[in-house]
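Number of protein chains: 2
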Amino acid sequence: MRRSAEQTNDLILDAAYGLFRRQGFLRVSMDQIAERANLAKRTLYQRFRSKDDLIAATLAHASKLALVRLESIKLPTNRDAMIDSLFAQIADWAATPRWSGAGFTRVVVELADLRGHPARGIARQHKTAVEAWYTRRLALAKVSSPRKRAREIILLTEGAMMLMLIHGDRSYAEAAARAAKRLACMS
Amino acid sequence: MRRSAEQTNDLILDAAYGLFRRQGFLRVSMDQIAERANLAKRTLYQRFRSKDDLIAATLAHASKLALVRLESIKLPTNRDAMIDSLFAQIADWAATPRWSGAGFTRVVVELADLRGHPARGIARQHKTAVEAWYTRRLALAKVSSPRKRAREIILLTEGAMMLMLIHGDRSYAEAAARAAKRLACMS
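The listed protein sequences correspond, in order, to chains A and B.
The first sequence lines up with residues 777 to 963 when you count with this note's numbering.
The second sequence lines up with residues 777 to 963 when you count with this note's numbering.
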């Protein structure tokens, strides 16, 4: 049974994504990815010139899926309930076994000294799209200055995720939710 | 001329710290560190059983120095001016050439899947000490509920550093400072 080129690509991207998310982008080798996808390493290199190209393609794929998922997330329409729900979902995510932080944040940190790496641009676009998504959801909840409030929320969610990764303590997400609600209520 | 054991250790820690901060903790090898310290790799392994032990020792050393430096930082005593100064210093730091984020944050992200790594505990202690330092400085500025305000500020500084690393845009630190000031003024 022959696979289409697209199916082979998806196989590689799924295998790579699973490994990168578990062990980080730097530590995973092309050998491991080939083994997990059950393909010859030669096949990987036919489709992706380098591990760096594969990292970028994996992130572009993951971003597309994540943004579709965000659009379908159900949130309360009441402002404070919406903010509580956003931070509770992040805290629940952080409490899953072997959680290792947000993938796009991780890739930027792992490649912190490589500003021109193609993955950095994809991470930037992704975070911009997430901030725009916050803005739209806050506007739907009739929050005033939704763009400013969205920026505060993304600052607080990035901070909460990092501090939950450091301390393993969901009270950081709870404090972030309280701060976001107070900032929204003053505006 | 013979070096004392302590001088040799400092040589190794300085060389390791410079390389880790520049290239990340995962990518740097013991060979590179030995070369930079101008020592035989055997000498490194006599003092540090593994690269993981050396990462932990480097962070413990860096934490001690950073906490001493924090104590000596001059900040305005007026609350809003103090908050502005804190975030402006972070934004200036983020604007230095080849800035690659906060070192303790970076090590936690690079070792995100290795919860038991000795460096994780040191990073945790360091961030706890930084939060306590914020609390003391806010208390000196007569801010009420300094512990709660310190937690908001550490959430906002972690978020701002991450978003500045992603976007290369200091307006994230400015938005974080405005949010911190509004939260402090309401309290």
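Take these hints with a grain of salt, some might be off.
Copies of the same chain look alike in the list, so a pair counts if it fits in one copy or across any two.
[Claimed, not checked] When the alpha-carbon atoms are kept at most 25 Å apart in a straight line, the in silico SDA-like pairs for lysine to any residue are as follows:
{"no.": "1", "residue 1": "Lys817", "residue 2": "Asp829"}
{"no.": "2", "residue 1": "Lys840", "residue 2": "Gly944"}
{"no.": "3", "residue 1": "Lys918", "residue 2": "Ala833"}
{"no.": "4", "residue 1": "Lys918", "residue 2": "Leu820"}
{"no.": "5", "residue 1": "Lys918", "residue 2": "Gly944"}
{"no.": "6", "residue 1": "Lys840", "residue 2": "Asp945"}
{"no.": "7", "residue 1": "Lys924", "residue 2": "Ala871"}
{"no.": "8", "residue 1": "Lys827", "residue 2": "Met806"}
{"no.": "9", "residue 1": "Lys817", "residue 2": "Leu846"}
{"no.": "10", "residue 1": "Lys840", "residue 2": "His943"}
{"no.": "11", "residue 1": "Lys827", "residue 2": "Trp869"}
{"no.": "12", "residue 1": "Lys827", "residue 2": "His943"}
{"no.": "13", "residue 1": "Lys924", "residue 2": "Gly944"}
{"no.": "14", "residue 1": "Lys840", "residue 2": "Gly879"}
{"no.": "15", "residue 1": "Lys924", "residue 2": "Val844"}
{"no.": "16", "residue 1": "Lys924", "residue 2": "Asp945"}
{"no.": "17", "residue 1": "Lys924", "residue 2": "His943"}
{"no.": "18", "residue 1": "Lys957", "residue 2": "Met858"}
{"no.": "19", "residue 1": "Lys957", "residue 2": "Asp786"}
{"no.": "20", "residue 1": "Lys918", "residue 2": "Glu907"}
For the record, the hints were derived by calculation from the structure and aren't laboratory data.
A quick look at each hint next to the structure:
no.: 1; hint: Lys817 to Asp829; verdict: within (15 Å within a copy, 34 Å between copies)
no.: 2; hint: Lys840 to Gly944; verdict: between (29 Å within a copy, 23 Å between copies)
no.: 3; hint: Lys918 to Ala833; verdict: neither (37 Å within a copy, 51 Å between copies)
no.: 4; hint: Lys918 to Leu820; verdict: neither (48 Å within a copy, 61 Å between copies)
no.: 5; hint: Lys918 to Gly944; verdict: neither (34 Å within a copy, 30 Å between copies)
no.: 6; hint: Lys840 to Asp945; verdict: between (30 Å within a copy, 24 Å between copies)
no.: 7; hint: Lys924 to Ala871; verdict: between (29 Å within a copy, 23 Å between copies)
no.: 8; hint: Lys827 to Met806; verdict: both (7 Å within a copy, 23 Å between copies)
no.: 9; hint: Lys817 to Leu846; verdict: neither (34 Å within a copy, 50 Å between copies)
no.: 10; hint: Lys840 to His943; verdict: between (30 Å within a copy, 19 Å between copies)
no.: 11; hint: Lys827 to Trp869; verdict: neither (28 Å within a copy, 31 Å between copies)
no.: 12; hint: Lys827 to His943; verdict: between (32 Å within a copy, 23 Å between copies)
no.: 13; hint: Lys924 to Gly944; verdict: between (29 Å within a copy, 18 Å between copies)
no.: 14; hint: Lys840 to Gly879; verdict: within (13 Å within a copy, 30 Å between copies)
no.: 15; hint: Lys924 to Val844; verdict: within (24 Å within a copy, 36 Å between copies)
no.: 16; hint: Lys924 to Asp945; verdict: between (27 Å within a copy, 15 Å between copies)
no.: 17; hint: Lys924 to His943; verdict: between (28 Å within a copy, 17 Å between copies)
no.: 18; hint: Lys957 to Met858; verdict: both (10 Å within a copy, 24 Å between copies)
no.: 19; hint: Lys957 to Asp786; verdict: neither (41 Å within a copy, 47 Å between copies)
no.: 20; hint: Lys918 to Glu907; verdict: within (17 Å within a copy, 34 Å between copies)
Violated hints for the displayed structure, listed by number in ascending order: 3, 4, 5, 9, 11, 19.
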